[in-house]
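Enquirer: Residues per chain are reported as follows:
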Amino acid sequence: MELICPAGTLAAFRDAVDAGADAVYCGFRDETNARNFPGLNLTRDELAEAILYAGSRDVKTFVAINTFMRAGSEALWTDAVDDAAALGADALILADLGLLAYAAERHPEMRRHLSVQAGAANADHIDFVVEAFGVRRVVLPRVLTVAEIAALTRTARCETEVFVFGGLCVMEEGRCSLSSYATGLSPNMNGVCSPASHVRYRREGDETVSGLGDFTINRFSKTEAAGYPTLCKGRFAAGDERGYIFEDPVTLDALSQVDALAAAGVAALKIEGRQRGRAYVSRVVTEMRKALGGGGEGPPLAVERGLLDRLSEGQHTTTGAFEKRWR
Amino acid sequence: MGPTHGPRLVLGPVLFLWEAPAWRDFYFRMADEADVDCVVLGEVVCSKRQHFHEPMLEAVVERLKGAGKAVRLASLALVTNEREIRSTRQLCAREGIEVEAEDLSAHHLLRGRPHAIGPLVNVYNGMAARVLAARGARTICLPPELPLASIEAIARDVPGIDFEVFAFGRVPLAISARCAHARVKGKTKDTCQFVCRDDPDGLPVETLDGQRFLALNGVQTMSYTCQSLIADVPALIAAGVGGLRLSPQRCDMVGVAETFRRVAAGRLDPREGQAELAARYDGASFSNGFLHGEAGHRLVPAAAAAGLRD
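Protein chains in written order, with numbering that gives the first Met the number 0: chain A, 0 to 326; chain B, 0 to 309.
So here's chain A without its partners, still in its complex pose (with noise of 0.2 angstroms):
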């Protein structure tokens, strides 16, 4: 199985490469991709740069363009499709139909995979983008669980790519309004979700309240360290219940699930987290390329089970949907 890893930065990127990546994805610096952060992503030159860095080593690039194009502005995102493949990026990831036409028809010669928020959970899905825009492969959303993965994989006409470590979206993405809701900015049209921006943090006597746009996220005692406010891992009341009432503050750690998902046919492993420093992803990858065994040879090393614990947000990881009991 390939091993694909998150760059945010041109340092990142080269980190990831020399820790073993098979092939590293990241973005354009605006809203076309689903990581449209502050100070984030890639210039054309810095994807140049990198691209020739990559392929210099035999590691892949993958560029995501994977946002919805905003009616009216298409141009912005064609732009990033035709720069990325003039740049010589080994696959673009997508997700808006319109753009896997566009994709298909200009570039047709271009690997095209289907990014997770198009959200292709079935056969019959991933049928029709294999059909009509040529998709080598697809990115499973997270809501399904091994065996679901496995009998998938065995129908699908293309590759099945899964996220193993890093956040953990709750609800299927790509169809998640939940943000914008709250701020007016989604991950599907502005590539964030819980921006920063709409982010605020008050005392009051013992305790922090994190919130987002009008609507408190979170209250913490003194005792906790008080969390990011992403929407769907705050405490809320429904009913009797109080607390995280979609999902604790937790990451996914599916490495437990790397022979299981060896064993369905799953191409290609992959890790979220193109937010984060240099330090992080180049852990992660060099614990996941243990876990893959180096390059095929020998047996796989242990992992330093610690490390990557300690390296998840709030110390807390769970195998997301990839057990039924999750659900």
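These are calculated hints, taken from the structure and not from any lab test.
Treat the hints loosely; a few may be bogus.
[What the hints assert, rightly or not] Facing chain A, according to a computed beta carbon distance under 10 angstroms, are these residues of chain B, among others:
id: 1; residue: L108
id: 2; residue: N121
id: 3; residue: P143
id: 4; residue: I174
id: 5; residue: A181
id: 6; residue: F193
id: 7; residue: D198
id: 8; residue: P199
id: 9; residue: F212
[Stated by the list, open to error] Derived BS3-like pairs: lysine-lysine, alpha-carbon spacing no greater than 30 angstroms straight-line:
id: 10; chain 1: B; residue 1: K186; chain 2: B; residue 2: K47
id: 11; chain 1: A; residue 1: K323; chain 2: B; residue 2: K64
id: 12; chain 1: B; residue 1: K184; chain 2: B; residue 2: K47
id: 13; chain 1: A; residue 1: K289; chain 2: A; residue 2: K59
id: 14; chain 1: A; residue 1: K323; chain 2: B; residue 2: K184
id: 15; chain 1: B; residue 1: K47; chain 2: B; residue 2: K64
id: 16; chain 1: B; residue 1: K47; chain 2: A; residue 2: K323
id: 17; chain 1: A; residue 1: K289; chain 2: A; residue 2: K323
Given the structure is predicted, the values throughout are model-derived calculations rather than measurements.
Built from N, CA and C at the ideal position, the CB exists for glycine as well.
We have chain A; now place chain B onto it with these hints.
Expert: What follows is chain B alone, placed relative to chain A:
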């Protein structure tokens, strides 16, 4: 329908789990009394609920057709397991009735035949709409988070398609493999005992400061607010929208349709229409922020009602 009608009124599928007799009686009443042009039926949110209404589906379809209404059958929004795949394939193989695809697998199964696209399929621009149109989509209900400028640009860009917007009802904001509704009641998706049945209008979610925020509907998370685009109807008509979708809530839906009809036909001032809706859905708070490019929970006052036509 004559030109005085304005855009079509489309009754969306009941997104909640209603007890079977209540579900059937609701549709019988809508067939007999509601002034809507089209009714969309079927379980969209959770495949575990499908068996409740299937035995009475055909009777409801006949009653609606007999009352002169167009009928569509909606597919599941999230299709992951073998049973869901099979049920979607069966639905899309049906002849003689229009199917509304709520995910792209259904669209694929319907390719080459006329069909509709539901609001949970991502159509953010004209190029995407054209992809679907080329494979048989005739009607597209646009995603609720789209601002008016996008709706206008898409409708202008793809004149052959009839575009609908989500004009009334709690907005479906997200769907998950995990059931938060079951979990807050101490169950899981597999052991849910259909607890979502106890909240036929959704289970409100409040912040820890008591702000009303969201609503749970099984695996779906919805807005706490009821979206109402009634004050924006003149702007939607001007933007080229052909259909207004009314999503059933536990309120006077016959009356809601009647109010929308009069506003859509230019017989009632949109601001008065909003006041009427408030009376017909007691206790609801309304929003239209998405349409105005703002946070979706906000209610933006109509700039000025575009006035009565004629």
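Enquirer: Could you run down the list of hints and mark each one as holding or not?
Expert: Hints, verified against the model:
Here the hint on L108 of chain B is kept, as its CB sits about 6 angstroms from the closest CB of chain A, short of 10 angstroms. Annotation: interface hint on N121 of chain B holds; nearest CB of chain A at approximately 6 angstroms, less than 10 angstroms. About 7 angstroms separates the beta-carbon of P143 of chain B from the nearest beta-carbon of chain A, less than 10 angstroms, and the hint is met. Look at I174 of chain B: its Cβ gets to within about 5 angstroms of chain A, closer than 10 angstroms, so that hint holds up.
At its closest, the beta carbon of A181 of chain B sits 9 angstroms from a beta carbon of chain A; the interface hint therefore holds under the 10 angstroms criterion. The criterion of a C-beta within 10 angstroms of any C-beta in chain A is not met by F193 of chain B, whose closest approach is roughly 15 angstroms, and the hint is violated. The interface hint given for D198 of chain B is met, as the beta carbon of that residue sits about 8 angstroms from the closest beta carbon of chain A, less than 10 angstroms. Restraint check, P199 of chain B versus chain A: the minimum CB separation of about 14 angstroms is more than 10 angstroms; hint violated.
The interface hint given for F212 of chain B holds, since its Cβ lies 6 angstroms from the closest Cβ of chain A, which is under the 10 angstroms cut-off. Restraint check for K186 of chain B and K47 of chain B: the C-alpha separation of about 14 angstroms stays at or below 30 angstroms, so the hint holds. Restraint check for K323 of chain A and K64 of chain B: the C-alpha separation of about 41 angstroms exceeds 30 angstroms, so the hint is violated. With a C-alpha separation of about 17 angstroms, the suggested pair K184 of chain B and K47 of chain B falls inside the 30 angstroms cut-off, and the hint holds.
At most 30 angstroms may separate the alpha-carbon atoms for a hinted pair to count; K289 of chain A and K59 of chain A meet this at roughly 19 angstroms. Annotation: proposed proximity of K323 of chain A to K184 of chain B holds, straight-line Cα distance about 18 angstroms (limit 30 angstroms). Taking the CA atoms of K47 of chain B and K64 of chain B, the gap is near 27 angstroms; set against the 30 angstroms cutoff, the hint holds. For the hint linking K47 of chain B to K323 of chain A, the alpha-carbon distance of about 15 angstroms falls within 30 angstroms, and the restraint holds.
Of the pairs offered as hints, the one joining K289 of chain A and K323 of chain A holds, with about 27 angstroms between alpha carbons and a cut-off of 30 angstroms not exceeded.
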